[in-house]
Every structure is written in C-alpha cells, then in structure tokens.
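Chains as they are written, first to last, in our numbering: chain A, 1 to 130; chain B, 131 to 224; chain C, 225 to 537.
Source of the hints: derived by calculation from the structure; they are not laboratory data. Be aware that a few hints might be false.
Stated by the list, open to error - Here are some, though not all, of the chain A residues that point toward chain C, as calculated from beta-carbon distances under 7 angstroms:
#1 Asn-28
#2 Tyr-54
#3 Asp-68
#4 Gly-69
#5 Met-71
#6 Ala-77
#7 Thr-82
#8 Leu-101
Note that the coordinates shown come from a computational prediction; the quantities given were computed from them, not determined experimentally. Positions of the beta carbon are idealized from the N, C-alpha and C atoms, including for glycine.
Take a look at the letters that make up each chain.
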Amino acid sequence: MWQELWNDRVEVAAIILFGIGLTTLLLNRNLIRKIIGFSFMDSAIFLFLAAEGYIAGGTAPIRTFSSDGTMVNPIPAGLVLTGIVVSVSVTALMLALTVRLYQRYHTLDFDEICRLEREKRQDPPGKEGF
Amino acid sequence: MDILVTILLLVLLLNAVMVVCIRNLFSCVLIFMAQSLVMVLLWILLQAPDLAITEAAVGAGVSSLLFFLALRRIHALDAEKGAPANKKGGLRHG
Amino acid sequence: MADLRRLFSLNSNDSSLDEALKRDLEEDQHPEDSPLSAREVSMHASAIRREEASMQRREEKAWVLSRRAYQVLSVLTALIIISVLLLNILDLPLFGEADNPTNNEVSARYLEYGLEEGGAVNLVADVILDYRAFDTLGESNVLFAAACTVILLLRRFSDAEQVHGMPEPLLLEEAPSDPLLMAAARLLVPVLLLFGCCIILNGHLGPGGGFAGGAVLGSGLILYLNAFGDQRASRVLTFRSFRILSASALMFYALSKAFSFFCGANGIPLDLPLGTPGSILSAGLILPLNMAVGLVVCCTVYAFFTLFRKGEI
Numbered sequence: 001m002w003q004e005l006w007n008d009r010v011e012v013a014a015i016i017l018f019g020i021g022l023t024t025l026l027l028n029r030n031l032i033r034k035i036i037g038f039s040f041m042d043s044a045i046f047l048f049l050a051a052e053g054y055i056a057g058g059t060a061p062i063r064t065f066s067s068d069g070t071m072v073n074p075i076p077a078g079l080v081l082t083g084i085v086v087s088v089s090v091t092a093l094m095l096a097l098t099v100r101l102y103q104r105y106h107t108l109d110f111d112e113i114c115r116l117e118r119e120k121r122q123d124p125p126g127k128e129g130f
Numbered sequence: 131m132d133i134l135v136t137i138l139l140l141v142l143l144l145n146a147v148m149v150v151c152i153r154n155l156f157s158c159v160l161i162f163m164a165q166s167l168v169m170v171l172l173w174i175l176l177q178a179p180d181l182a183i184t185e186a187a188v189g190a191g192v193s194s195l196l197f198f199l200a201l202r203r204i205h206a207l208d209a210e211k212g213a214p215a216n217k218k219g220g221l222r223h224g
Numbered sequence: 225m226a227d228l229r230r231l232f233s234l235n236s237n238d239s240s241l242d243e244a245l246k247r248d249l250e251e252d253q254h255p256e257d258s259p260l261s262a263r264e265v266s267m268h269a270s271a272i273r274r275e276e277a278s279m280q281r282r283e284e285k286a287w288v289l290s291r292r293a294y295q296v297l298s299v300l301t302a303l304i305i306i307s308v309l310l311l312n313i314l315d316l317p318l319f320g321e322a323d324n325p326t327n328n329e330v331s332a333r334y335l336e337y338g339l340e341e342g343g344a345v346n347l348v349a350d351v352i353l354d355y356r357a358f359d360t361l362g363e364s365n366v367l368f369a370a371a372c373t374v375i376l377l378l379r380r381f382s383d384a385e386q387v388h389g390m391p392e393p394l395l396l397e398e399a400p401s402d403p404l405l406m407a408a409a410r411l412l413v414p415v416l417l418l419f420g421c422c423i424i425l426n427g428h429l430g431p432g433g434g435f436a437g438g439a440v441l442g443s444g445l446i447l448y449l450n451a452f453g454d455q456r457a458s459r460v461l462t463f464r465s466f467r468i469l470s471a472s473a474l475m476f477y478a479l480s481k482a483f484s485f486f487c488g489a490n491g492i493p494l495d496l497p498l499g500t501p502g503s504i505l506s507a508g509l510i511l512p513l514n515m516a517v518g519l520v521v522c523c524t525v526y527a528f529f530t531l532f533r534k535g536e537i
C-alpha cells in the first residue's frame, strides 16, 4: 500500500493540499484567508487532473518535426485550462464581495460579521441607519 | 526529475501550511503568489506547457494583483473610518 | 419589555433611570390602577438587570460551545474526506502508465488526427478550440459574467445613495506620478503589448493561446494606467469600448461555432481552409477564436484592476 501511495505521490499531494485548503476555508475566521484556502483547493484539483493525463516518458502534445515518441494526453490539459480561468474569475468575485463586506461592517472577521448581522435583525429596523 | 517533483510537492504542502500559521495578511498573499509559481514548475514537469504559461500569466499575475488591490482598498477603508463622514458622498476622497 | 431592556443596556447606572422607568410604567397602566411606589420600581429594575446579565452569560457560553463544536466537526469532516480520497487513490491506476483508462481511443484520435482535422500544431489548442470549442465558450462566458458582477459590486454611481440607499464604493486617492515608474513603463509597455499579441497569434503553433496572451495584454494596459494616470488611460479604453469589445468578441465566438448545432457534432460538412500547418495563417477558425478569447480576457483583466482601484473603468 505504501509503495502504491509513493508511486502516486503527485495525486496524494494533491489530495492533501485539497484537505489543507478545505480546513483553511472552514476554520479560519479571516475572510482573505478563506479565499486563499479556496484557491488552494482549486489548484489541488487541477494538479490531480493534470497528473491523470501524464504518461511516463511522454512529451508535450505539440507536433514538431521530431515527434515520434508518445505524447501526453491532451484532454486533461484542456480541462485544466478552463478551470484556471474560472478559478481566477471566482477569486475576483469573492474579493469584490469582501471589499463591500468590509465597507459595511468594518471587519474581516466572519464570526463578527454574523454577530453584527444577527444583532441588526434583533433590534427593531430603523434603529441603525445603514 | 523525480526528485525535483518530490521537492516541489513538499514545497507546495509547506506553503499551504504556512498560510494557516502566519499572522500577517500581506505575507499570506505573497505565499499565495509563490504557490502559483511552484505550480508553474509542476506543470512544466508534467509536460503541459500551455498550462504553465497560462498559470504564470493568470495565477501569479492577475490573481495575486487582485489580492494586493483588495488589501490596499481595505486599508484605505480602514483609514477613512476615523474621518468624519458628512451626509452626501461621505466616503469620497476627491 | 423590549423598550425597557434597551433602556437598561444603554445606561445602566443612571439615577434618572428609575424616573424614566416610572414614567414608562405609568404610561402602560390603566387609569384606575394606583401608581407604583419608588421602592417597587427599583426592585423591578434590579430584577431586570440580573435577568439580562444571566441571559448574556448563557448566550456567551452557548456561543463558545457551538464554536468549539464547529471547529471539531470541521476538522473531523476534513480528515474523513482526505482519508476517503486517499483510500480511493489505491484503486486508481498507477501514475504515468501508458495503458491507463484515461488514455483511451478519444485521446488517441485527437493525437493522431488533430493536425489533419484541426490544422493546429499545438494539439491542446486543437482540443480546446476545435474539438471542445463549446467548453471554451462557456469559460469565456464565465469570465464575462464575473466582470459584469464585479462591475455591479464595485462601480461608483453618482446617485447611489439616493437610489439604492447604500453609500458609494470608495474612491482611492491617485498616487502622484512617479518618474521612475514612467521611465520604466515607456520601455516595458510596448514590449508587454507586443509579447501579448505574439502569444495570442502563436497560440496554435506553440504553447500559449488566448488566455495567457490576453492576461499579458491586460497587464500591459494596467502598467500604462499605473504609470501615466487615469486621464491618459481612459483615452485608451473607456467603459463604452470595453462593453463593445467584450460583447462583440463573445458574440463572434458564439456565432462562429454555432453551426455545430445545425451541421452535427463534428462540424464535418464545413470545409474550412486549413492552410499549411506551421504557418501563422492556418488552422481554420482557431486563430480568430484565439484573438476573440484574448480580447475578452484582456478587457476583463483591465476591468478588474480599474474597478478595484477606482471604481470605474
């Protein structure tokens, strides 16, 4: 079992990175750190996907004059290319939301924001202006 | 090559652990940028040069830039909180 | 009762509190009831204070307990997910074997006939812009939608406070123009723009393509904005031109690949001139699609930067 895990170490590292990213997303109270953890999860998935397409001894899938050997599978590379761009779009969106949240609540602490929102709902509306 | 891949994977995991431990937000974003660059090397070693150049331009370039901008904006908002806010356009600078 | 609690939470040791409480209680009473004495009022006040303190302590304890439970549960969940996934890796085929199930006949077909059918030397560009062009259209749409949403969140309107009831997003101060940065930008911006165009145009001949090239182009424009100020940069790309460029690039992509809906999945009956592989003007529609994608990415990256920085494009 350990021999197999060592052989597949790229995938194992991807899974562990995913787990660390998930833990960062869940446990940290700071919004920026949550977003960084989320981005790490994305990178881990891309690493896993690209590792699935690798062939030992293969070259990059570009047809050159001397491309006689085996070429690496091009399909996972296409999927990961899409994924990288979607990942940066979602990160930008999350950062924009963080900036607006900070402008409204003046804190980056997620628990603090939930508490303030709960207190705002308990008090009668109109007590605080905005 | 195998040794290089193993070392890069260890650096990847180390970066992820350091993001949790380090207090300063600016350092966390720098670690995020370093993580992107380590991924670029990994893509090259996995024979995917398209992914490498895209990750370099988009991940280490644009994504980290957005993080720095967001941090700058948050610090700017922090500086503004102490200032008196008049009613119309109170948060405007100029 | 809620009024009483609020009154107490604001000023708990005020001596005029008892009089205010007395006034409040008298307002609620019926006219035939006798007015309360001062001693009864103060006993009532201290009872409410004690009750509120104990309620606060209970709430805090519950909060701490729930936070601890959340932490334990989340670590447990993460550990369970990691262990399940690691166990599944043992069942996966070995890393790097040539006869993995992922290397099936589809990828063999793409590798063998990619040059003839798509015309591009870079087979990954073939896959994403010819065989699987629909996925890339979806991805460009996601990028465009993200840009639209960030505009909604961060764009400054002059009458935002009256219309939406929310204060405008903040406008950052513009840094004074730095002569060192301007000198460096005069050298770097043309190189960056040229490099970006080169990556886009050579997307089908080597590694690169629309996304990387668009990001580099966007970085060139960002450097121009940083070095030379908002006024000169807004002459290059205004909000109107951003809208027109992104929307028309996306529409061009959608229309040029929409024939698949009418001609069938492989688009076989349409014989595009493929050209000689290895020259720039080859590979059918892959070059124009790369340019469209590069335009969308460039405009989006620039829009992200300016929206985060000053709230308008």
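Which earlier hints can't be squared with this structure? 1, 3, 4 and 8
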